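The primary structure of each chain is shown beneath.
Number of protein chains: 2
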Amino acid sequence: MTTIYSIINGDFIVKNEASILISDLSIQRGYGIFDYFRTINNQPVFLEDHLDRFFYSASELNLNVGLDRDQLKRLIQQLIEKNNIPDSGIRITLTGGYSEDDYSLAKPNLLITQTAFSFNTENFNNGIKLVTFEHQRQLPWIKTIDYLMAIRLQRFIKENKADDVLYYSQDTITECPRSNFFIVTQNDEVLTPGKNILRGITRKKILDFYELNVKETNISLKDIENAKEAFIASTTKNVLPVFEIDGKAIGDGKPGKLTSDIYKKIGGLKEQ
Amino acid sequence: MTTIYSIINGDFIVKNEASILISDLSIQRGYGIFDYFRTINNQPVFLEDHLDRFFYSASELNLNVGLDRDQLKRLIQQLIEKNNIPDSGIRITLTGGYSEDDYSLAKPNLLITQTAFSFNTENFNNGIKLVTFEHQRQLPWIKTIDYLMAIRLQRFIKENKADDVLYYSQDTITECPRSNFFIVTQNDEVLTPGKNILRGITRKKILDFYELNVKETNISLKDIENAKEAFIASTTKNVLPVFEIDGKAIGDGKPGKLTSDIYKKIGGLKEQ
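So the protein sequences, as listed, match chains L and R.
Residues in the first sequence are numbered consecutively from 9, following the working numbering.
Residues in the second sequence are numbered consecutively from 9, following the working numbering.
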């Protein structure tokens, strides 16, 4: 079995031994940011977009990456070559560092990990079920490590026989914890929330492709009930049709026409 | 120099080598809870209250402590004896554990650390300055490790020449990130917010002592302007008078009569 490596502050460490001191502000105070992108055949997918967002998130939390963009890219390239996991997910995490008083910001720790990953294309036809929950994520425009509510809700999701939770706040839909949300109206308009969300990279690609047709707008709980199709989009989930929300069917249990169309255009980019 | 130990899942580890794997859900997803209590002359202060809250927080986040209360107390006692830091702060942290997929809950990791700590009694006379900020903490009744907003605001606090931030939401004051907030009205009523806050142990002691006089009620930004005295209370800060909020003076730059009275009764308990 091949040894898989992670990178901690530039050092290659055997993955299942990679550790940091417990004085790190991620452990003490939940303070950190990250980004996550896929590789297909050892080629990073949409790397520039993910690095843009990674450096932006770091800056928004007053964290210094400690490497410039080219240095970080070289490090990622070295990891890809060393591990040789052609189809994978690579996660870059930047934490608040080893704080002397468990509160003040310190020199950030940069962690890079790689895990085998590829889509199960059957997921698309199976669709998913969502359950709504009223919650507004803090600092939603920054890709922080804060998934406290989402992980606490794992039990709630299970109890509601759903696959994931869909957040809303004051009757306005925002997003799922790890993906963006879209609906197709009865008039074949494709709509997605534009406020108080994380701007996903797959979402961005959909907006770019469909710039004439996809609108960023407020979506209410009522709008969902009237939707013809619904889907979510993310790096790990690609485009996935939503067949049910809060126990009510959307569409006829098969991927809708526009969802399929977008999946072919966007998903095709990443399935090869 | 004496070696200081931490405890990770029951094992005593040299403090500055204590580490956990980066697959832990605290690092990946900011998922964990903690509690913090002081020792004076090697005696834990208000230990039962802190353990009550620790087990409650763990349960609220679906985390299994893995030890019963007596086992945890024995472990704490062993740490106190081994380290012999008579006046200290002891922090017990419980994280989401080493997740296989970086998202699903795993077997929690239990971390116990001890650090020398004693109050600087001069702090009381110096008082502190607060700056307000609109923010409602998520899951405020649980002592989670989430201090994302508070640490991001360190720069904002400094820019506003303040010592700490005071959160409010929809014109109603809640708390500081690590302490509870109180005002004394012109009629000598002592008021403290009762909703959407963490129920601090020092706050509890104040309510218990002053049960006839201290009221839990909504406090607006306007109420602050009219206050005669204001103070904060926490395990690490004890009772500290607030001399200024958003640049406006409260009182005359000296600890007020009721604040001093409460400090003597409550602070005295912990200063010895």
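Please note that the accuracy of each hint is not assured.
As the list claims (entries may be wrong) - One side only, chain R facing chain L, incomplete, derived with CB under 7 Å: (1) 73; (2) 141; (3) 156; (4) 242.
As the list claims (entries may be wrong) - Distance ranges between label pairs, derived from CB positions: (5) R:126 <-> L:233: 52 to 62 Å; (6) L:194 <-> R:228: 39 to 49 Å; (7) L:77 <-> R:226: 26 to 36 Å; (8) R:142 <-> L:234: 32 to 42 Å; (9) L:109 <-> R:29: 23 to 33 Å; (10) L:180 <-> R:216: 26 to 36 Å; (11) R:109 <-> L:29: 32 to 42 Å; (12) L:164 <-> R:124: 22 to 32 Å; (13) R:230 <-> L:262: 52 to 62 Å; (14) L:76 <-> R:75: 24 to 34 Å; (15) L:114 <-> R:60: 29 to 39 Å.
Said to hold, decoys possible - Some, not all, of what chain L presents toward chain R, calculated at C-beta under 7 Å: (16) 26; (17) 27; (18) 28; (19) 30; (20) 35; (21) 70; (22) 146; (23) 152; (24) 154; (25) 156; (26) 160; (27) 212; (28) 215; (29) 229.
It is worth saying that the hints were derived from the structure and are not from the lab.
Remember, predicted model here, so these are calculated numbers, not experimental data.
For every residue, glycine included, the Cβ atom is placed at its ideal position computed from N, Cα and C.
Worksheet entry | Non-conforming hints, listed in increasing numerical order | Structure breaks hints 1, 2, 4, 7, 10, 11, 12, 14, 27, 28 and 29.
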